[in-house]
Amino acid sequence: MKHLTTPFIGISAAMLAVAPWIINAAPYESTMGLVQKVFYFHFPAAILFLLAATICGVSSAIFLFGKRPNADGWAIAAAELGLVFGSLTLVTGPLWARKAWGVWWVWDPRLTSSLLLWMIFSAYLLLRKYGGPGSDKLGAGMALFGMANVPFIYVSVNVWRTLHPQTSVVPTLPADMGIPLWFCFAAMTMLFLSLLSLRARLEHQRARVEALYLAEDEA
Amino acid sequence: MSFLRILLVLAALAFGAPPAIAAQQPPPQSEFVPVDEIPPGEQIPAINLVAAAYGFVWVVLLGYVWSIARRLQKVEAELVDLESRKR
Amino acid sequence: MNSDFERLAVVDVARHYGRRKALSQINFTCASGEIVGLLGPNGAGKSTLLNILATLLAPSIGRVEYGERTVADGGAEVRARIGMLGHDLFLYPELTARENLSFFAQLYGLSDIPTIVRAALERAGLADRGDDFVSGFSRGMRQRVALERALLHEPRLILLDEPFTGLDQASASALVARLRERQRAGCMVVVATHDLDVADGLLTRAIYLKNGRIVGTDTDSRGLADRYRRAINNSGGDKPFLSADLSAEALRAKVEAPGAKVEGLSKS
Amino acid sequence: MSAFFRVAWHVMRKDLTVEVRSKEVLLTTLFFAVSVVLVFSFAIVREGRAPDDVAAGILWVAISFSGTLAMGRTFERERYNDTLRALILAPAERPAIYTGKLLGLLLLLGLVEIVLVPLIGLLFNAPILAYPGMLAALLLLGTLGFAAVGTLFAAMLVRVRSRDTLLPVLLYPITIPVMIAGVRGTAALFQAAPDESMARFWIALLIFWDAIFVTLALWTFEPVMTE
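Protein chains in written order, with my numbering: chain Y, 1 to 219; chain A, 220 to 306; chain U, 307 to 574; chain L, 575 to 801.
Don't read these hints as lab results, they were simulated from the structure. Among the clues, some could well be false.
[What the hints assert, rightly or not] No more than 20 Å apart at the CA atoms, straight line, and that leaves these computed lysine to any residue pairs for SDA-like:
1) 597(L) to 439(U)
2) 129(Y) to 119(Y)
3) 137(Y) to 65(Y)
4) 129(Y) to 734(L)
5) 129(Y) to 738(L)
6) 137(Y) to 203(Y)
7) 293(A) to 204(Y)
8) 129(Y) to 71(Y)
9) 597(L) to 399(U)
10) 129(Y) to 742(L)
11) 67(Y) to 368(U)
12) 129(Y) to 739(L)
[Stated by the list, open to error] Output of the computed footprint for chain Y on chain L, the stretches with three or more beta carbons under 8 Å from beta carbons of chain Y:
13) 720-727
14) 730-743
15) 791-798
Only a predicted model underlies this, so the values are computations on that prediction, with no experimental measurement involved. Note that CB positions come from ideal geometry on N, CA and C, so glycine has one too.
The following block holds chain Y by itself, in its conformation from the complex (with noise of 0.2 Å):
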């Protein structure tokens, strides 16, 4: 395990790395021209980004209620990478808005959404960091809380501006502009996958470098 995360991160930034060649070999879109490519990138960290929170979430659940040690270690590794692929998307969304949407930022629900569940990641890291003893437990509950809030802040604010912008470019792809961005897409999952696993381990390490040094003296 501890020797297959480095050759994945290679690969995956090695793929990251041919990815501008093959997304620049993709066509045009018609009416937003260049600027689409963001979308490569953009896509694959948004949803990497829902996939951190839930399993933030889920893995809080196991630790509260189920009293496994190790899950707190996958949560707060999911955290950080939420946070990570969170700013991924919260920057690359914008980028592509200013061109395709003339501004920068929309409160259109999904941006809206998107947000929200950026600043609930940072406010249960905050919490990790500046809590002190027991924060374990009061980030669990928080956790839980933040993936209850996914999909009822998604529903809200869709109702709340119900003019929002129909730039979905998501379903309609054609297949010359698909493989680019499955080809992104495996790419970042991996580096996504083996981060999480790098982190959830530096978590573990922890763990034992504390109970080793409790075990100290006891011998």
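Given the structure of chain Y, go ahead and fit chains A, U and L onto it with the hints provided.
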């Protein structure tokens, strides 16, 4: 776990292969209908935005990998130290 | 539902906060009718241990057995038999003594609350001041109310955290008398204190704590101060020694040499 | 079950007795809520008139800000003599203690709203009496959702050193859906042509959401409160 990973790589490579062929073809006009109008009077050239987006993704991901690696190295060094002290 | 217990056993308990060890390798038992003192300097882990006994904190390692049970088997039933007097007294200053007592009596689901509360106020010597706000009480009066609050439901296990601080001689001896009375009624009492003068003669057993470890136990109730000092100082600086468990025999041997008077309190 | 409500009732009554004696939380929260309204009107009012449609937003911002303050204070009070520990130590069901604290807080915030809503009506010319039932339902359900999470988080944070800053940091992102529903529902009632069906939709959503929040809070309170 590791088997799954290998599968993932293979899948990724399988996906990765076709674009090379696709690249040789002249870019055909895209079939799907655009849903939105581009606002007129853009000041920022698209290439800058795309470059900024890709650059940002790269910097953040590299930075994050580096930060995890550094933290992990530190913890594992500590772990090795502790374990050797134990013996 | 017989949830009562006759014996308290602390088995290999440790508690850490992150990397800091508040307690490690704590083992002792306490039987019905015993008054166990946890003695040690500040930061020795006395309060942490009391909180673990009170089920407020979960031990990181080890377990606490209340008779046949542990907290995992039934938290509420165990808690119903524990009475705790915390260092911060657990009283609402904005409420009167009577209201405080009735509120907690209701929380514990007691019946015939007015009678119980009246009796408790009388025992606290505050029968005529029951309707005064706790905020207007002196430290000694508050302490007495707080003690009666902790004993309202006639718990089997009584936990006291530094109960003697700020008490004058009369209040302290009243507290001692009340604890003796509970002891005779078959309660187990665990007192954390650093006030050796009052503890002297009260305890059936003393446990010396330092840096979260037991550095000695003592079944002799008198002349604690001297042996306490020895136990705490002998245990050295950062590396507490464990082998030198100051067992009662060892202690007696040491103490008897200079002709100290030793009267083993043969309570059992 | 009756034991559950008995404990909840006594905890709530105790909180209210304390509050009636000191009035500290009620008065400070109320004053803070009014200050929030004023600050926002300074930010928004142009040429002596407030733009339409801001009343609902300001009302809910004031409720959420002052609500956070009230939550912090009521739990600070439990911390003062370590009485929260005594509550947790009682053999009563812990969710019952949570419910009691929540009810006490709800009543307190209800009192604040009784002053706040007419004030908003007066200052921003909002038709608060047009649909009193629906407005009351929106206020009650919105406050419930907000306070349900707030009570849990404030209780969790009692032991944490930086609780004063962490409470709003954690609470606001989580309760945004409740805020949106409250603001939109109230705005639907306050607008020139009130939209009853819209308000009803938001009320339904609030009920759904409150159910999730309260269940989740009752469920997590027990494991979170044992250190």
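Here's how the hints hold up against the structure:
no., hint, verdict
1, 597(L) to 439(U), "16 Å, holds"
2, 129(Y) to 119(Y), "15 Å, holds"
3, 137(Y) to 65(Y), "10 Å, holds"
4, 129(Y) to 734(L), "11 Å, holds"
5, 129(Y) to 738(L), "15 Å, holds"
6, 137(Y) to 203(Y), "15 Å, holds"
7, 293(A) to 204(Y), "13 Å, holds"
8, 129(Y) to 71(Y), "18 Å, holds"
9, 597(L) to 399(U), "14 Å, holds"
10, 129(Y) to 742(L), "16 Å, holds"
11, 67(Y) to 368(U), "16 Å, holds"
12, 129(Y) to 739(L), "13 Å, holds"
13, 720-727, "holds (count 3)"
14, 730-743, "holds (count 8)"
15, 791-798, "holds (count 3)"
In summary, the structure agrees with every hint in the numbered list given earlier.
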